[in-house]
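J.: These are the residues of each chain, in order.
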Amino acid sequence: MYGYMNNLLMMGSFKESFILNFIAENRYMLIVNGLFVTLQVTFFASILGIIIGFMVAFAKLSHVKVLNTLAAIYIDIIRGTPAVVQLLIMYFIIFASVNISGVVVAIIAFGINSGAYIAEIVRAGIQAVDKGQMEAGRSLGLSHGATMRYIVIPQAIKNILPALVNEFIILLKETAIVGYIALEDLTKAGDIIRSRTFDPYMPLLTVALIYLILTKILSKGLGKLERRLRQSDSR
Amino acid sequence: MIVVKDLHKHFGKLEVLRGIDEHIDKGEVVVVVGPSGSGKSTFLRCLNLLEQPTQGEICIEDVSITDKHNDINRLRQKVGMVFQQFNLFPHLTVTENITLAPMKLKKISQEEAEHIAKKLLKRVGLQEKASVYPNQLSGGQKQRIAIARALAMSPDIMLFDEPTSALDPEMVGEVLEVMKQLAEEGMTMVVVTHEMGFAREVGTRVLFMDEGIIVEQAAPEELFGNPKNDRTKAFLSKVL
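Heads up: the sequence lines are chains F and V, in that order.
Going by this note's numbering, the residue at position 199 of the first sequence is 199; the numbering climbs one at a time, nothing skipped.
Going by this note's numbering, the residue at position 61 of the second sequence is 61; the numbering climbs one at a time, nothing skipped.
Everything labelled a hint here was simulated from the structure, so no lab data went into it.
It is possible that part of the hints are untrue.
[Said to hold, decoys possible] In silico PhoX-like links for lysine-lysine, alpha-carbon gap of 25 Å or less:
| no. | chain 1 | residue 1 | chain 2 | residue 2 |
| --- | --- | --- | --- | --- |
| 1 | V | K68 | V | K106 |
| 2 | V | K104 | V | K78 |
| 3 | V | K122 | V | K78 |
| 4 | V | K107 | V | K122 |
| 5 | F | K131 | V | K180 |
| 6 | V | K13 | F | K131 |
| 7 | V | K78 | V | K26 |
| 8 | F | K224 | F | K158 |
| 9 | V | K180 | V | K119 |
| 10 | V | K180 | V | K129 |
| 11 | V | K68 | F | K131 |
| 12 | F | K131 | V | K104 |
| 13 | V | K129 | V | K118 |
| 14 | F | K173 | F | K224 |
| 15 | F | K158 | F | K216 |
| 16 | F | K65 | V | K68 |
| 17 | V | K13 | F | K65 |
| 18 | F | K158 | F | K131 |
| 19 | V | K122 | V | K104 |
| 20 | F | K173 | F | K220 |
| 21 | V | K104 | F | K158 |
Just chain F, with the same shape it has in the complex:
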């Protein structure tokens, strides 16, 4: 921080640094475009993650042994390896010979990655619903599937939603590694500006601030959501 102050003094002012890093050569566009890439990857990977997560959760809860095992293996592999390695494998091995945009590869990689975590969230949420609910549904003659759909899942959603938003916050930050496959996301944009202006402070701290604001918005939304769920909690 002391160095930064010196730096500011040397360069004259905060204002000059701001102009150099963001206004000159329209460098703010790097940040804007980067932010767009970050949001794009996070948003679509979340959707993919939810789809995969629910499917894998049901596979893990099913009574079909093969599905249980496959789901367990998938979750083990994803949770046991770094996301950045998964991303590199996806880009340089699986899609190496396919003409496909890096953004799509990142969405798939992060979708598959968050799918494993979401699967565990969904599974735990469903298992937290009292066993008596399933028994009551079945005793009325409803099938397992119908009881799940009309009785268990609606209650499980209440357990799942807060943890799911939390997962999105983690995912948003995690996408900062897409620079590894040559995508220019928010983090990469800050780094590019740093390498051109030789000023690490202004671009990197700005990037950090933007992430902070985004995650704050999400967690504020999460807080609101939790309060509303508690209010309508009829248990």
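Following the hints, complete the assembly by docking chain V onto the known chain F.
T.: The following block gives chain V in isolation, referenced to the frame of chain F:
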């Protein structure tokens, strides 16, 4: 109406039911009593296959429910069940709790289902609770709603698994009253309970279970007044 042949249930190494043969006729109110761990709840839960028997056969209205080829979901529609912990659906209103199964399974309209629900609520004396959620009800009210929910499928048999055991003492009466009324209307009932007063007053037959078998059975006045088996005597001397 219910025929049970050589019913066994094991949980791992633990033998909870060790050979039960029983015949329950239409219109009977069979009360099952016995010390905890005697297998009476497991026996009851086998009757609608909430527990899968390890061995033996159960027939309801001449259809084997233990035969895997028969559609258990269809068979369960004929057998209502009331649980100790009520198990009302907390995310649905009282009316929705009652109308869900008839609407999904009998494909009747919402209007018709709500009409049935209204009548059932009147029957259990809770018309004014039609649109509230279960968490706004007392234990006794919850259990009466649970009975109405089971009745909405117009079952031929009702199973009660310790329906008053989770209730505060002052609420036991209102639930037993509904059950008594149901018995008087001729419903076939199997009731696991610790309420000896109910067994005596409403039961047509009492089964005493211990260690996974039916030790003794008789009409209530006979079993309570003149028990034959030593284990029955020992149990009754503790609870009466």
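J.: Which of the stated hints cannot be reconciled with the structure, identified by number in ascending sequence?
T.: Going through the list in order, the structure violates hint 5 alone and respects the others.
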